[in-house]
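Peer 1: Sequence:
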Amino acid sequence: MTESPKTSPKMLALVTGALAAGAALVVGAIYGIGGFERNATAEAGCAQSTAAAGRITPLARGHVASLIPAASPLSVADLTFTGPDGQPMRLSDFRGRTVLLNLWATWCVPCRLEMPALDRLQGQLGSKDFQVVAVNLDTKDPDKPKRFLQDTKIEKLGWYADPSIGLFKTLQQRGRSRGMPTTMLVGPDGCEIGTMNGPAEWDHADAVRLITAAMTP
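Position one of the sequence shown corresponds to residue 1 (the UniProt record's numbering), numbered consecutively onward.
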């Protein structure tokens with residue numbers, strides 16, 4: 001199940017009964033089913049992530065079966081959002097690290113449910129070589145998601161935000177984001193390794209095994 005900031009009757013028709021009561025609080029919901037549109041070849045400078053995508057392909061199963069390894073990785077180093085100090089930053093600021101980029105919002109029920117697992121993953125693997133970058137897309141009341149993180153005892157994740165939801169729209173235009181949560185594994189070269197639309201138990205052994213393989217040449 002994924003939830004999307006973009007409203008359309010077709011999307012809303014796919015909202016499950018479990019989330020119907022909260023439909024008025026979200027802009028829409030869709031299922032992330034099937035593959036993504038792909039370039040004929042990987043973008044220049046993405047050789048490192050292309051190799052990593054090959055390594056994780058046999059590991060995209062179990063709790064991370066919905067993750068789609070990139071056949072032709074996109075460069076996403078230009079993606080922008082604000083950092084913990086409120087200043088603009090780019091994903092390229094993490095160049096040299098493998099990054100798990102996650103788009104979430106408080107109105108997205110699956111997003112909220114997976115935040116503790118993302119926090120535990122950062123606690124387990126976070127280092128100079130790996131970073132979970134969970135970007136909040138709430139468009140109103142910036143204190144609300146911060147209160148949620150505090151109340152949920154999320155302590156390892158840094159605060160990243162994009163209230164303009166431009167980050168989501170950019171990934172949507174590139175054929176990678178079909179709803180929320182959207183999570184993309186990004187290589188040290190700033191290129192896509194694989195993308196998942198929908199939630200996951202990111203600290204499960206299946207996910208840790210896949211991420212570790214991506215980081216290990």
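Check before you lean on any hint, since a few could be wrong.
[Unchecked claim] Label-pair distances were calculated between CB atoms; the ranges are:
# : residue 1 : residue 2 : range
1 : P217      : G86       : 19 to 27 Å
2 : A47       : Q150      : 35 to 43 Å
3 : A47       : K146      : 24 to 32 Å
4 : S127      : S164      : 25 to 33 Å
5 : D143      : G175      : 18 to 26 Å
6 : R147      : A47       : 22 to 30 Å
7 : D129      : P84       : 28 to 36 Å
8 : P217      : K144      : 40 to 48 Å
9 : R61       : D151      : 13 to 21 Å
[To be verified] Keeping only pairs whose Cα atoms sit at most 20 Å apart, straight-line, the calculated EDC-like set for lysine to aspartate or glutamate is:
#  : residue 1 : residue 2
10 : K153      : D138
11 : K156      : D85
12 : K140      : D151
13 : K128      : E155
14 : K128      : D93
15 : K156      : D78
16 : K156      : D143
17 : K169      : E155
18 : K153      : E201
19 : K169      : E201
20 : K153      : D203
If you are wondering where the hints come from, they were derived from the structure by calculation, not from laboratory data. Just so you know, even glycine gets a beta-carbon here, dropped at the ideal spot from N, CA and C.
Peer 1: Go ahead and decide if the range 35 to 43 Å is satisfied by the Cβ distance of A47 to Q150.
Peer 2: The hint (35 to 43 Å, Cβ to Cβ) holds, given that A47 and Q150 are roughly 41 Å apart.
Peer 1: Given the range 40 to 48 Å, decide if the beta-carbon distance of P217 to K144 lies inside it.
Peer 2: holds (41 Å)
Peer 1: Sort out whether E155 lies within 20 Å of K128, counting only the CA atoms.
Peer 2: holds (18 Å)
Peer 1: Hint says 13 to 21 Å; check whether the CB-CB distance for R61 and D151 agrees.
Peer 2: violated (34 Å)
Peer 1: Taken at face value, is the distance from the CA of D151 to the CA of K140 at most 20 Å?
Peer 2: This hinted pair holds, its Cα atoms lying about 19 Å apart.
Peer 1: Does 19 to 27 Å hold as the CB distance between P217 and G86, or does it fail?
Peer 2: violated (36 Å)
Peer 1: Holds or violated: 24 to 32 Å for the Cβ distance of A47 and K146?
Peer 2: violated (39 Å)
Peer 1: Could you grab the alpha-carbon distance between K153 and D203 and see if it respects the 20 Å cut-off?
Peer 2: Since the Cα atoms of K153 and D203 sit roughly 16 Å apart, the hinted pair holds (cutoff 20 Å).
Peer 1: Does K128 pair with D93 here, judged by a C-alpha cut-off of 20 Å?
Peer 2: Measuring from Cα to Cα gives roughly 13 Å; hence the hint holds.
Peer 1: 28 to 36 Å was suggested as the range; check whether the CB atoms of D129 and P84 agree with it.
Peer 2: violated (20 Å)
Peer 1: Hey, K153 versus D138, does the alpha-carbon distance stay inside 20 Å?
Peer 2: Since the Cα atoms of K153 and D138 sit roughly 19 Å apart, the hinted pair holds (cutoff 20 Å).
Peer 1: Hey, K156 versus D78, does the alpha-carbon distance stay inside 20 Å?
Peer 2: violated (25 Å)
Violated hints, listed in ascending order, are 1, 3, 5, 6, 7, 9, 15, 17, 19; each of the other numbered hints is respected by the structure.
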